[in-house]
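From first to last, the protein sequence lines are chains F and E.
For the first sequence, this note's numbering begins at 131 and goes up steadily by one.
For the second sequence, this note's numbering begins at 84 and goes up steadily by one.
Because the hints were derived from the structure by calculation, they are not lab data.
These numbers come from a predicted model, not from an experiment.
Heads up, a few of these hints could be off.
[Claimed, not checked] Okay, derived cross-link-like pairs now, EDC-like style, lysine to aspartate or glutamate, Cα gap no bigger than 20 Å in a straight line:
#: 1; chain 1: E; residue 1: Lys-474; chain 2: F; residue 2: Asp-173
#: 2; chain 1: F; residue 1: Lys-445; chain 2: F; residue 2: Glu-323
#: 3; chain 1: F; residue 1: Lys-573; chain 2: F; residue 2: Glu-552
#: 4; chain 1: E; residue 1: Lys-186; chain 2: F; residue 2: Glu-323
[What the hints assert, rightly or not] Some chain F residues judged to face chain E by a derived CB distance under 10 Å, without partners named:
#: 5; residue: Arg-246
#: 6; residue: Met-284
#: 7; residue: Tyr-424
#: 8; residue: Val-428
Each residue gets a CB set at the ideal place from its N, CA and C atoms; glycine is no exception.
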Amino acid sequence: MSIAINLEYKPYVALYRRLSDALRKAILEGRLGLGEPMPSVRDLAESLKLSRATVLKAYEDLQIQGLVVSQSGSGTYVSSHLPGDLGDLLKERLQEESQRSPASFISASELSQTGRLLKEVGCKQQEEHVHLPEIGYGGTPVELSPAREWKSLMLKHCDIHEDDQVPFMIEPAGLPKLRLALSNYSKRRRSIESSPEEVFVFGSKQMRMELIGRLLLNPGDVVAYEEPGYPESRHTLEALAAQVVPVPVDNEGIQVSYIRRFSRPPKLIYVTPSHQDPLTMVMSMPRRQELIEYAAAVGSFILEDDYDSEFRYGKPILPSLRALDHHDCVIYMSSFWKILYQSLRLSYVIFPRCLSQPALLVKGYLERHLPLIDQLALTDLVNDGHLEKHLKRSQRILAHRRQSLILAITRHLREMLEPLGEGGGTHIILNFKSGVSTGSVSKAAGLVGWNLVSTDSYYATESVEGQFIVPFADINIDTIDDTVKKFAQLLREIR
Amino acid sequence: MLIDRLELPAAFNGDGPVSKQIAECLRQGIIDGLVSPNIILPSVREMAVQLGVSRSTAARAIEELSAQGYVVAEMGSGTKVAARLPGELEEKPSVRDEHAPLKEVELSAFARRLMSRQASGAISTLVSYNGPSLKDVPLGIWRDLIARHCRAGVEVDSSSASQLSYAPEPFGFPPLREAYASYLTRARAVKVNAERLVVFASRNLRLDLIARLLLSEGDLVAVEEPGFSTAREQLLARGATVLPIGVDSQGMKVDELIAAGPVKLIYVTPSHQEPTGAVLSMIRRKQLLDYAAKCGAYIIEDDYDSEFRYDGRPLPSLQGMDSSDRVIYLSCLWNVLAPVTRLGFMVLPAGMVQAVHACKSLVERDVSYIEQAALSDFINEGHLEKLIRQKRQVYASCRQSLISKLESIFDRQIWTAPESAGLELLVRFQDGFDSQTIESAALQSGFPITNTSWWYFGNPRPLEYTISFTWLGEEEMAKRLEHFASLLSA
Numbered sequence: 131m132s133i134a135i136n137l138e139y140k141p142y143v144a145l146y147r148r149l150s151d152a153l154r155k156a157i158l159e160g161r162l163g164l165g166e167p168m169p170s171v172r173d174l175a176e177s178l179k180l181s182r183a184t185v186l187k188a189y190e191d192l193q194i195q196g197l198v199v200s201q202s203g204s205g206t207y208v209s210s211h212l213p214g215d216l217g218d219l220l221k222e223r224l225q226e227e228s229q230r231s232p233a234s235f236i237s238a239s240e241l242s243q244t245g246r247l248l249k250e251v252g253c254k255q256q257e258e259h260v261h262l263p264e265i266g267y268g269g270t271p272v273e274l275s276p277a278r279e280w281k282s283l284m285l286k287h288c289d290i291h292e293d294d295q296v297p298f299m300i301e302p303a304g305l306p307k308l309r310l311a312l313s314n315y316s317k318r319r320r321s322i323e324s325s326p327e328e329v330f331v332f333g334s335k336q337m338r339m340e341l342i343g344r345l346l347l348n349p350g351d352v353v354a355y356e357e358p359g360y361p362e363s364r365h366t367l368e369a370l371a372a373q374v375v376p377v378p379v380d381n382e383g384i385q386v387s388y389i390r391r392f393s394r395p396p397k398l399i400y401v402t403p404s405h406q407d408p409l410t411m412v413m414s415m416p417r418r419q420e421l422i423e424y425a426a427a428v429g430s431f432i433l434e435d436d437y438d439s440e441f442r443y444g445k446p447i448l449p450s451l452r453a454l455d456h457h458d459c460v461i462y463m464s465s466f467w468k469i470l471y472q473s474l475r476l477s478y479v480i481f482p483r484c485l486s487q488p489a490l491l492v493k494g495y496l497e498r499h500l501p502l503i504d505q506l507a508l509t510d511l512v513n514d515g516h517l518e519k520h521l522k523r524s525q526r527i528l529a530h531r532r533q534s535l536i537l538a539i540t541r542h543l544r545e546m547l548e549p550l551g552e553g554g555g556t557h558i559i560l561n562f563k564s565g566v567s568t569g570s571v572s573k574a575a576g577l578v579g580w581n582l583v584s585t586d587s588y589y590a591t592e593s594v595e596g597q598f599i600v601p602f603a604d605i606n607i608d609t610i611d612d613t614v615k616k617f618a619q620l621l622r623e624i625r
Numbered sequence: 084m085l086i087d088r089l090e091l092p093a094a095f096n097g098d099g100p101v102s103k104q105i106a107e108c109l110r111q112g113i114i115d116g117l118v119s120p121n122i123i124l125p126s127v128r129e130m131a132v133q134l135g136v137s138r139s140t141a142a143r144a145i146e147e148l149s150a151q152g153y154v155v156a157e158m159g160s161g162t163k164v165a166a167r168l169p170g171e172l173e174e175k176p177s178v179r180d181e182h183a184p185l186k187e188v189e190l191s192a193f194a195r196r197l198m199s200r201q202a203s204g205a206i207s208t209l210v211s212y213n214g215p216s217l218k219d220v221p222l223g224i225w226r227d228l229i230a231r232h233c234r235a236g237v238e239v240d241s242s243s244a245s246q247l248s249y250a251p252e253p254f255g256f257p258p259l260r261e262a263y264a265s266y267l268t269r270a271r272a273v274k275v276n277a278e279r280l281v282v283f284a285s286r287n288l289r290l291d292l293i294a295r296l297l298l299s300e301g302d303l304v305a306v307e308e309p310g311f312s313t314a315r316e317q318l319l320a321r322g323a324t325v326l327p328i329g330v331d332s333q334g335m336k337v338d339e340l341i342a343a344g345p346v347k348l349i350y351v352t353p354s355h356q357e358p359t360g361a362v363l364s365m366i367r368r369k370q371l372l373d374y375a376a377k378c379g380a381y382i383i384e385d386d387y388d389s390e391f392r393y394d395g396r397p398l399p400s401l402q403g404m405d406s407s408d409r410v411i412y413l414s415c416l417w418n419v420l421a422p423v424t425r426l427g428f429m430v431l432p433a434g435m436v437q438a439v440h441a442c443k444s445l446v447e448r449d450v451s452y453i454e455q456a457a458l459s460d461f462i463n464e465g466h467l468e469k470l471i472r473q474k475r476q477v478y479a480s481c482r483q484s485l486i487s488k489l490e491s492i493f494d495r496q497i498w499t500a501p502e503s504a505g506l507e508l509l510v511r512f513q514d515g516f517d518s519q520t521i522e523s524a525a526l527q528s529g530f531p532i533t534n535t536s537w538w539y540f541g542n543p544r545p546l547e548y549t550i551s552f553t554w555l556g557e558e559e560m561a562k563r564l565e566h567f568a569s570l571l572s573a
């Protein structure tokens, strides 16, 4: 145990006394907790460059004052009850410290303009979270994640080898072998041709959006954003003072014709083509062409968030925008959120060639260090085929769960719903017929314990009444029918 | 007949489902121009008969083509071959031309500033790191802790599985914040409770976030000269005006700062100034805190490397002396636990907690659970402080033996900084040496000596170097030093 001690110089006061005063102060300030062990005499002597005799004498002094007790064989401890009113004094002090509200909160005038905006958007997001306690919806349940494989890979890579030069190079874009593995993986799964230099590993999901925004956007720059669309990425862009313009989606995806009418072409177009978040439709092939051609013509970048693209049911998977692009204008991003969220927070971006150099520079300034062991383990998970094997297995289970959910809904709720859409991923969308309010659905769902998430926060403009996300990754196929049935009864009563 | 024009195999018995094979044949036919655009395909029923497959198989083939954009279904008139083919987009060159000129890109002002600093040679993107030796890191203990916390993910029934469900904690895993706060209180006399402590996955983000919150373009920020270049460049990229303040054996020359007038932010490393190793004296600490309180400046205290002091004076932190809520304290364990954990920590003034809490989740919400849980146990079970103590002994002896070797070889031709902290030693060669000779000798002998130019914002001091003494071990170090010296004298 180490402890920071400032031996104040006092003339004519013995050294041991100065030490015992300093330790007494540390105890009364709560830095050495009641009943906790004191540093050993040897350690303290060594770290303060004092003789052991001096330390020993200081400890004796403290013992006489009743502040420490010595237990033969196991060392010296801070007393669990301090003598006299010292104990109360300490208690008061600690209580005060924990309740002490700051003299003043930082004022808006102390913040920069960017700081004020950052804070304002952050507060807005926190408020929305209050209304969206289920924000964790759709995360993979443990039984559907390759947790066992992950554990053994993590343990394998805790034995870092001394001759492995890896730890001594700072690689802001990620370990080269992981970047290669991800480049190959995205070629296999998503037909993306990329060089490993274009693949960037990130330690947290938000940081991808943050970096792309910081790289490309100046205050006031226009970003076209799917409406409805993932709220958190929108917030990150708004906090960068970008002008985020909602663009409606139809059955084929984002409406490019709508973007064409902008007075100023957007710098960035945010889309989720393989699985619109939250409405689940797949962007059609003609729309993909139209979007890429438009972006190339006006010089915009397309940000393709390949979120939740792993699982499809029936419909064939389409090549990603990045695979179709030969104008060097698509930024592709993906994560392992739907596979191994619980343990693995790494995610990645594949930049167009023209952006990879400047992105590397910015990455070095925003997120220079990445977890080494996680990266080594992920490299193996991807290269050894564990990941794809796992996806195949999950796909079967998820298809089954999805089927039983749809069956239950069709059986009990049909007359209250608009027709179900298709789409893959790990949730479906329910549109209740007019006359069924968002409030009554939420209430009934809460009462029967069914996880329905209103799409309210996905809309920047007016939200759609009675529209809900229904995650099915973690439903129980034995009880779902019953749950939906109870829900339907309850909803009829409430309505 | 459309089907006749296609080169159909005798039987669909290749790889994959029959519907896929049919779709592939049709697609190939469309691409090869055997079937022209706008031609209406036969109905599903006809096609099923002609191909000898079931209707649902034929329907699936058409559906697949339609999803890929090769055919378009039109109400009332059947399915047509698309007028414009997706193939026109898919014709990518099979080998990407890596040498084609790059597209001109309009970057943000922030990125452009970084680019221009890089072009001027002030920053580089790849830094090799001569940190602590890997053999000092207790990998076995770390492995046990990882095993303990990975288990939660495997054993679904165990009570800790609930830890793995999703709970956004932008400030970090609460038990880690408790553990680190009590470590800082003990070891660094930082005034902190868990509410004011923030965990960062990315250490660089700490200064970036503070700079974004506090600095407008052109705001004055005082930094040490020489000083940590990454921090300086981050502030410059933010658009701040950087004011370099000289450093002597007592640390930053606070007088110079006071004379310069009010600033918005001060970045200091009081417990171990890099690269000089100086410790900010008590008198200057008080002056600095008074000055900050008076002119309303915030102080960023970067306590990097404070664990390793060899002269028995682990000075308490500046933050612990601050009574006006002006110090933002940064800490990390990189020099102790690299490369197994790279987490960074920040202690906020009470008045800033709310503001930073609102911002953190916009930029970094999720930090690896396993890493955080393992580190909390590592601290709580006493491994951290034991490790620091052990390392301190080892490094002190490495440092001492390096100094005596240097003295015996170079006598008075080399000056070594008396301040003793950190993992590097600052040395200055006397006039008469030539930097080119020194640097080529270093390269040839593998002696870990680096010139200090990148620490300087203004003109670097000639013949000033740092020697990294921790990662090679005493013997190897001595061998390389002798080789280095023999090359120099030759």
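How the hints compare with the structure:
no. : hint                   : verdict
1   : E:Lys-474 to F:Asp-173 : holds (13 Å)
2   : F:Lys-445 to F:Glu-323 : violated (23 Å)
3   : F:Lys-573 to F:Glu-552 : violated (26 Å)
4   : E:Lys-186 to F:Glu-323 : holds (18 Å)
5   : Arg-246                : holds (9 Å)
6   : Met-284                : holds (5 Å)
7   : Tyr-424                : violated (13 Å)
8   : Val-428                : violated (12 Å)
Of the numbered hints stated above, those contradicted by the structure are hints 2, 3, 7 and 8, listed in ascending order.
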